[in-house]
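2 protein chains.
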Amino acid sequence: MTALMIDWIDQIRWPEGGAEAGILPAIAQDADNGDILMVAWMNREALAKTAELGEAVYYSRSRQRLWHKGEESGHTQQVVEIRTDCDRDVILLKVRQTGGIACHTGRRSCFFERLIDGAWQVTAPVLKDPETFYK
Amino acid sequence: MTALMIDWIDQIRWPEGGAEAGILPAIAQDADNGDILMVAWMNREALAKTAELGEAVYYSRSRQRLWHKGEESGHTQQVVEIRTDCDRDVILLKVRQTGGIACHTGRRSCFFERLIDGAWQVTAPVLKDPETFYK
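Respectively, the protein sequence lines represent chains A and B. Note that this note's numbering has the first sequence beginning at 31, numbered continuously upward. Note that this note's numbering has the second sequence beginning at 31, numbered continuously upward.
Among the clues, some could well be false.
You can't tell identical chains apart in this list, so a pair holds if it fits in one copy or across any two.
[As the list claims (entries may be wrong)] In silico lysine to any residue, SDA-like type, Cα no more than 20 Å apart, as pairs:
#, residue 1, residue 2
1, K79, Q94
2, K79, C116
3, K79, L157
4, K79, G148
5, K79, R144
6, K79, E161
7, K158, C116
8, K158, G47
9, K158, D117
10, K158, D65
11, K79, W150
12, K79, I42
Please keep in mind that the hints were generated in silico from the structure rather than gathered at the bench.
For reference, chain A alone in the conformation it holds in the complex:
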């Protein structure tokens, strides 16, 4: 990792205190059609690894470790762009989704539930049984 890379990582406003210290939300958006595929979390190391590999690496809050997306399922994300917002406290990745499946349920996007008539309704099909890609 170069000094230059560390500069831009330090320019992100990583939170200092509280339960979420050092981690920020990261959005993966389909680089081609703009669909939001998933939201996960990143710390400095995850963002550095993402830039280095050109593949999305998140920080798993439940497992408290780096999570190279697709490490189990094979559904990696090729990073086309890395963006941040005006407060520099959210990361946006534009990605190409390997296998066309970002969600652990086997759907293309994690955002498959839509509020319709006061209830969450499933709006997208399971493309592949998760049992086939989580061993």
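Model the placement of chain B on the given structure of chain A, informed by the hints.
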């Protein structure tokens, strides 16, 4: 608010402890072209209000109160869809952005900085001087 509405709000996984208790990230996405306009935060009340009004209402962490987007600037967001993800811990709003400006800097989207050659570079113009819409 109907009992039915309270049901779907209770089905969201609002965090219980820590610094971020009761609040979750909320993404505003352009309903027409898929651009991500901004990310803010919501609590139960913000989400209930958003559904009730059909306009985005967030929870401001810095001001610790509800924030009806556009209350000062006039740049309200008309809500076309409300979605959640597979963990039900992120809210996605598909919106139509009044004035075409979501960002407090006067840009269309808050995600105007892109990482290019190891530095954050501004990729979108200021459409309107913020001094003209924040009095």
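Results for each hint:
no., hint, in the structure
1, K79 / Q94, "within (16 Å within a copy, 34 Å between copies)"
2, K79 / C116, "neither (23 Å within a copy, 25 Å between copies)"
3, K79 / L157, "neither (29 Å within a copy, 34 Å between copies)"
4, K79 / G148, "between (41 Å within a copy, 13 Å between copies)"
5, K79 / R144, "between (33 Å within a copy, 17 Å between copies)"
6, K79 / E161, "neither (28 Å within a copy, 39 Å between copies)"
7, K158 / C116, "between (37 Å within a copy, 15 Å between copies)"
8, K158 / G47, "neither (40 Å within a copy, 35 Å between copies)"
9, K158 / D117, "between (38 Å within a copy, 18 Å between copies)"
10, K158 / D65, "within (19 Å within a copy, 28 Å between copies)"
11, K79 / W150, "between (35 Å within a copy, 17 Å between copies)"
12, K79 / I42, "within (15 Å within a copy, 31 Å between copies)"
Checked against the numbered hints above, the structure breaks hints 2, 3, 6, 8 and satisfies the rest.
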